[in-house]
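**Student:** Below are the chains, spelled out letter by letter.
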Amino acid sequence: DILMTQSPSSVSASVGDRVTITCRASQDIDTWLAWYQQKPGRAPRLLISDASRLQSGVPSRFSGSGSGTDFTLTITSLQPEDFASYFCQQSHSFPWTFGQGTKVEV
Amino acid sequence: QVQLVESGGRLVKPGESLRLSCAASGFTFSDYYMSWIRQAPGKGLEWVSYIGSRGGPTTYTDSVKGRFIISRDNAKNSLTLQMNSLRAEDTAVYYCAREGDGYKAPFDWWGQGTLVIVSS
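Those protein sequences? They're chains R and S, same order as listed.
No gaps in the numbering here: position 54 of the first sequence is 329 in our numbering, and each next residue is one more.
No gaps in the numbering here: position 79 of the second sequence is 81 in our numbering, and each next residue is one more.
As a list, the in silico DSS-like pairs of lysine-lysine whose alpha-carbon atoms are at most 30 Å apart:
#  : chain 1 : residue 1 : chain 2 : residue 2
1  : S       : 67        : S       : 45
2  : S       : 106       : S       : 45
3  : S       : 106       : R       : 378
4  : R       : 314       : R       : 378
5  : S       : 67        : S       : 106
6  : S       : 78        : S       : 106
7  : S       : 15        : S       : 67
8  : S       : 45        : R       : 378
9  : S       : 67        : S       : 78
10 : S       : 15        : S       : 45
11 : R       : 314       : S       : 106
12 : R       : 314       : S       : 45
These are computed hints drawn from the structure, not numbers from a lab.
Based on the sequences and whatever the hints tell you, model everything.
**Tutor:** Below is the structure:
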């Protein structure tokens with residue numbers, strides 16, 4: 276199985292900050308990587324597919340980059356509604372696997 | 003709009019069975035691959051099972067192989083997960099999720115989840 280390792284596991288930030296979350300795959304997954312946002316008690320929401328493709332309706336302050344084994348999710352100018360957990364997921368090969376999550380908190 | 007609504011979660015004892023359902027609407031259900039994904043309390047996400055748009059192929063994560071069965075009824079726009087021989091470690095919120103358009107697409111729509119608790 277492909278192991279997805281996110282860092283940090285949590286980050287303290289303030290409104291207006293730039294936040295960067297890293298996801299590392301245990302093997303080359305090309306750009307078969309997605310990022311999700313999850314708020315407490317809610318289902319995850321797809322933010323980015325193919326490592327860098329922003330989904331419709333997702334604010335442009337979110338961006339993704341990377342390929343191979345190293346990927347980054349960046350939130351520029353953090354907004355109050357962005358305090359949440361973020362997960363990466365690979366779809367290179369079964370079983371699909373997720374990172375353990377990064378909680379962005381005040 | 004796209005809606006996925008799970009049901010069937012409840013408290014069961016170890017070794018018992020449970021059937022989860024997911025009702026889909028707002029899109030052509032038979033065009034999409036579907037998955038079940040679970041999240042144990044306070045934990046991360048774990049993909050459980052996947053089914054092709056016409057009912058096959060199906061695949062499962064190792065920990066549920068031989069115990070869980072995924073199926074779908076495209077005439078009724080419904081997805082099912084039959085869970086047998088349940089264990090404490092199966093305790094989680096179970097989400098049904100749609101795989102988006104395209105090859106190896108990520109999950110673009112999720113239901114609100116249904117909670118399964120396995121405890122004596």
